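Number of protein chains: 2
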Amino acid sequence: MITEPSLEYRELVSERIRQALKMGQWQDAVALLQHLHPADRTEVFEELSPEEQQALIQHLGVENLAELLEWLDEEEAAEIAQGLDTAQLADVLDEMDPDEAADLLGDLRPEQARQALAEMEEAEEVRPLLGYPDETAGGLMTTAYVALPRSATLEEAIAFLRSIDPDTDIPNYLYVIDENQRLVGVVSLADLLRTTPQTRLEEVMDPKVIYVTADTDQEEAARIMSKYDLSAVPVVDNRQHLVGVITFDDLVEVLEEEATEDIYHLASVSDEDLDPESPLPEQIKGRLPWLYLNTLTALFASWVISNFEHIIAQAAVLALFQSVVAGQGGNTASQNVAMTVRSLALGKISPKNLLRILVKQFLAGLALGLLVGSMVGLGVYFWRGNLYLSLVLGSALVANLALGAVMGVLVPLALKAAGADPALASSILVTAVTDSAGFFIFLSLASRVLDHLK
Amino acid sequence: MITEPSLEYRELVSERIRQALKMGQWQDAVALLQHLHPADRTEVFEELSPEEQQALIQHLGVENLAELLEWLDEEEAAEIAQGLDTAQLADVLDEMDPDEAADLLGDLRPEQARQALAEMEEAEEVRPLLGYPDETAGGLMTTAYVALPRSATLEEAIAFLRSIDPDTDIPNYLYVIDENQRLVGVVSLADLLRTTPQTRLEEVMDPKVIYVTADTDQEEAARIMSKYDLSAVPVVDNRQHLVGVITFDDLVEVLEEEATEDIYHLASVSDEDLDPESPLPEQIKGRLPWLYLNTLTALFASWVISNFEHIIAQAAVLALFQSVVAGQGGNTASQNVAMTVRSLALGKISPKNLLRILVKQFLAGLALGLLVGSMVGLGVYFWRGNLYLSLVLGSALVANLALGAVMGVLVPLALKAAGADPALASSILVTAVTDSAGFFIFLSLASRVLDHLK
Chain A
1 MITEPSLEYR ELVSERIRQA LKMGQWQDAV ALLQHLHPAD RTEVFEELSP
51 EEQQALIQHL GVENLAELLE WLDEEEAAEI AQGLDTAQLA DVLDEMDPDE
101 AADLLGDLRP EQARQALAEM EEAEEVRPLL GYPDETAGGL MTTAYVALPR
151 SATLEEAIAF LRSIDPDTDI PNYLYVIDEN QRLVGVVSLA DLLRTTPQTR
201 LEEVMDPKVI YVTADTDQEE AARIMSKYDL SAVPVVDNRQ HLVGVITFDD
251 LVEVLEEEAT EDIYHLASVS DEDLDPESPL PEQIKGRLPW LYLNTLTALF
301 ASWVISNFEH IIAQAAVLAL FQSVVAGQGG NTASQNVAMT VRSLALGKIS
351 PKNLLRILVK QFLAGLALGL LVGSMVGLGV YFWRGNLYLS LVLGSALVAN
401 LALGAVMGVL VPLALKAAGA DPALASSILV TAVTDSAGFF IFLSLASRVL
451 DHLK
Chain B
1001 MITEPSLEYR ELVSERIRQA LKMGQWQDAV ALLQHLHPAD RTEVFEELSP
1051 EEQQALIQHL GVENLAELLE WLDEEEAAEI AQGLDTAQLA DVLDEMDPDE
1101 AADLLGDLRP EQARQALAEM EEAEEVRPLL GYPDETAGGL MTTAYVALPR
1151 SATLEEAIAF LRSIDPDTDI PNYLYVIDEN QRLVGVVSLA DLLRTTPQTR
1201 LEEVMDPKVI YVTADTDQEE AARIMSKYDL SAVPVVDNRQ HLVGVITFDD
1251 LVEVLEEEAT EDIYHLASVS DEDLDPESPL PEQIKGRLPW LYLNTLTALF
1301 ASWVISNFEH IIAQAAVLAL FQSVVAGQGG NTASQNVAMT VRSLALGKIS
1351 PKNLLRILVK QFLAGLALGL LVGSMVGLGV YFWRGNLYLS LVLGSALVAN
1401 LALGAVMGVL VPLALKAAGA DPALASSILV TAVTDSAGFF IFLSLASRVL
1451 DHLK
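As you go down the protein sequences, you meet chains A and B in turn.
Per my numbering, the very first residue in the first sequence carries number 1; after that it's consecutive.
Per my numbering, the very first residue in the second sequence carries number 1001; after that it's consecutive.
Keep in mind that a hint or two might mislead.
Computed spacing ranges between beta-carbons, pair by pair [claimed, not checked]:
#1 293(A) <-> 1359(B): 40 to 46 Å
#2 1284(B) <-> 354(A): 17 to 23 Å
#3 1049(B) <-> 451(A): 54 to 60 Å
#4 1049(B) <-> 156(A): 35 to 41 Å
#5 160(A) <-> 1049(B): 39 to 45 Å
#6 1444(B) <-> 363(A): 38 to 44 Å
#7 118(A) <-> 1228(B): 32 to 38 Å
Honestly, the hints are just simulated from the structure, not real lab data.
Computed from a predicted model, the values in this text were never measured in an experiment.
Even for Gly, the Cβ is constructed at its ideal location relative to N, Cα and C.
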């Protein structure tokens, strides 16, 4: 019985591996690493310097190396694989799960991938997976599944499972196919255990097996697995032939990936592989374009203000509060963008509710605007003692929050309808509107009562 | 073989159910609903009016109703359960999975829950689950697992599994316990199938079973399952006794819940059950407090500007660009907040990297500041033709973006270290700093060259 080793323990192991490597005690270093669960092994390995990693790889052996590459980040795995010679790489790929091997091959230079594939013994398990785009069900699925004909008996099925190499994991579901290789049902191992040996698969299978097609977007495939509580989903081609299975670890990975993507895109970071430790050039590449776009919209807002420059010159107090109107409209809008983007991702919004949602959010924005506007109006009245200023500020807040609330729903839905990612540009587009409109509403209202504001 | 029915089809079914109900053809209505997968059944059911739902519930029967409540949203399930009488409710709870029954009981009035529990036949399966807080491993786990003594043979294990009611799902893993009920290993059904009948469980079990304790936070439990690729994880109490199992559907639910929570909290929405269609009072309750807090920080920024009011009165042009400095600092900070919060959630940041991250993000902020600052400086020079204005604006942007980048990492990490949720208040705290500092830096630089700006 084990639990996750503490950070301190993992650091201790890295340190001991480091020492063993320094003293040339390769076997000790390998043993220290192998003693850990592969998930922790990967973390400890990542703590080592590139030279130490290289030294260790030389002594890991094919099986251990294959396992390490399966658990490492895709980029790091590709980096290590690039350093292997073709024969070594082919052996390692043969040991890996077919879907992991296919992913790795996809990350290598085409020439190296071609050569390795040519030398692989089990290339035929991997080759069919290479044709599918990364972000589709086909790109996620593995060919390591068990499919049996509908006429097979349970006894035959069990005999087949027993014939599988004991080192290979057996999936928890068997898929049943007809004489044309078409998927017709699913049987769980639990069902196998509970019935008599002579029963045929077609008698115990669940014919209502839920499937996805190979070209289904990975996010959609994950949504289906999550909706139907499936720990594995079979993938068929356009002739309904079973071509692979997506397993629950892929589901988890996609869910985490898509959540990261949405969180990053909502904050205008377009590269979901970035983290605070990523190299500078990547930070700039994933962030600058959106800051630039944002800057352009901010300069447009500056232009809006410039039309009121003469008014601000007469009542500089306006410069104090214009940003409050713009900013709170933006915040209200961001709240709605977040809710809308997430509801879209979880499949909770259907187009037919659009009008109802817009009306509700207009009302919510109005209510929030009244509550924020009256607080600000009152506070500023006590501070500056000018009723006109308070009224202008309060009314502008009401209008801009209502506008922000509507835009916060409308913009992501419009982007989605246009086939774009609703998360990525929504914030920028929406705040472009709430900034410019906020300044305009506040300053043009102020210009009507300018004499009272000086 | 089935796939997800289209929206149109589901609407067609709702319509036909509606008609059947209207004509009093209860059996037809129930049959139409039961024909669907439970996941779709729930969606169709939700489309019906409260009166139609009520009429249908009367005729569903205990088993169907139990299944419906398992698949419905917690809140809707609780609403329906509240309308049942005690005997009915007890029967339905008996039919439900123990963890679902416990969740439902937790959502009812204590008095109703107590009475229903007293009338349940399988109360002893549910009672142990009621003591654990909702957001812990104990709150997620089910008692519907199979645990066998280490001395049991495979033959005995299979005989035991066959004795389980055929309507009950058998989990894919058996847990092995010692004479003191302590968890000592795990055996998969696949392992059972592959070994000889006389082998004892302790010979084939994996003793390195990964577990969590009942008081582990649900997010942490989900992280462990995800890290180690576990489709189920056993839960033990503080004496290492096996008390439950968390299954993969709970993992998926937690991952989605936690992602929603982070996305909402980053946008200052504190109620993760909100969506654009939620009732107005809930919208206001989940959003207003954060808008108010934000307003307070915005008014503080107004106060910062008020110290430069006399300068703005002399050079109103400053009011055009002050928000650009504040806003772009805020955007840079938000990018870092998103990356930091996500890296924390995925367990990718360790405290010992803090200094390295801060230095890297300071440099990234500086670089982004130089790139944004020079673009804005240049653009504004062409627009207004004032070199001093451009230089002040550009330098203020460099300073504020560097500050924003550092704060965007520091604030969520500080909140996390203080035991708070790094997602929730980070945006507000960080933009409070970048707004106030942005205005201050820009306006105080401007005051030094005021004569050139008039």
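Please test the hint of 54 to 60 Å on the beta carbon pair from residue 1049(B) and residue 451(A).
-> Taking Cβ atoms as reference, residue 1049(B) and residue 451(A) lie about 57 Å apart, which means the hint holds.
Can the suggested window of 35 to 41 Å be confirmed for the beta-carbon pair residue 1049(B) and residue 156(A)?
-> Since residue 1049(B) and residue 156(A) have Cβ atoms about 52 Å apart, the given range 35 to 41 Å is violated.
Between residue 160(A) and residue 1049(B), does the C-beta distance stay in 39 to 45 Å?
-> Cβ of residue 160(A) to Cβ of residue 1049(B): about 52 Å, so the range 39 to 45 Å is violated.
Distance restraint evaluation - residue 293(A), residue 1359(B), Cβ atoms, bounds 40 to 46 Å = violated (28 Å)
Residue 1284(B) and residue 354(A), beta-carbon distance inside 17 to 23 Å?
-> holds (22 Å)
CB of residue 1444(B) to CB of residue 363(A), is that within 38 to 44 Å?
-> holds (42 Å)
Range agreement (Cβ of residue 1228(B) with Cβ of residue 118(A), hint 32 to 38 Å) | holds (35 Å)
In this structure, the earlier hints numbered 1, 4 and 5 are contradicted, and the remaining ones agree with it.
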